[in-house]
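Novice: Sequence:
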Amino acid sequence: MDILPTKSYRKGDFIRKISGTENLSKTYSSWQFGTVYQESLDVNEVLQHVIQQLHNKSSQINDLKREFALECRFTIVIIINNGNTPSFHLEHPVIEFANRIKADFDIDLDAHPIGE
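Residue numbers for the sequence shown follow my numbering, so the first one is 41 and each next one is one higher.
The hints are simulated quantities; they were obtained by calculation from the structure and are not laboratory data.
Some hints here could point you the wrong way.
[What the hints assert, rightly or not] In silico PhoX-like cross-links for lysine-lysine, where the CA-CA straight-line distance does not exceed 20 Å:
1) Lys97 x Lys51
2) Lys47 x Lys66
3) Lys51 x Lys66
4) Lys66 x Lys97
5) Lys105 x Lys57
6) Lys47 x Lys105
7) Lys142 x Lys97
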């Protein structure tokens with residue numbers, strides 16, 4: 041796809057030692073592409089940076105999904121500091137792209153109380 045992952049690992053990769061004879065290993069493979077933390081009050085603005093780099097690759101993504109039995113997911117982590125909640129609006133092109141590759145959305149809200 042001519043895109044380097046921001047993180048990847050394979051099923052069986054070592055995570056850490058559980059005991060003297062046992063290791064904890066990854067139970068699935070993953071190829072991740074995303075951004076580093078970006079302070080923003082508009083989730084769609086940040087998501088657009090990822091979608092723009094992938095939008096013309098939906099056929100390749102779907103081919104890889106079929107060949108390797110893959111799943112697609114957009115994971116969005118929203119950090120709320122001091123009660124400043126971002127706008128969360130997904131524009132039609134984002135929804136259409138996610139539908140083309142049959143991706144789901146995993147949204148994690150990490151709220152830090154005011155004054156913390």
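Novice: Does each hint hold? Answer for all of them.
Specialist: Do the hints match the structure? See the list:
Between Lys97 and Lys51 the alpha-carbon distance is near 25 Å, which puts this suggested pair outside the 20 Å criterion. The hinted pair formed by Lys47 and Lys66 meets the criterion: a straight-line CA distance of about 14 Å does not exceed 20 Å. The suggested pairing of Lys51 with Lys66 holds, with an alpha-carbon distance near 5 Å, which does not exceed 20 Å. Of the supplied pair hints, the one linking Lys66 and Lys97 is violated, its CA atoms being roughly 27 Å apart against a limit of 20 Å.
Between the alpha carbons of Lys105 and Lys57 the distance comes to roughly 32 Å, so the proposed pair goes past 20 Å and is violated. Note on Lys47 and Lys105: the hinted pairing holds, with a Cα-Cα distance of about 18 Å set against a maximum of 20 Å. At roughly 13 Å between alpha-carbon atoms, Lys142 and Lys97 fall within 20 Å of each other, so this suggested pair holds.
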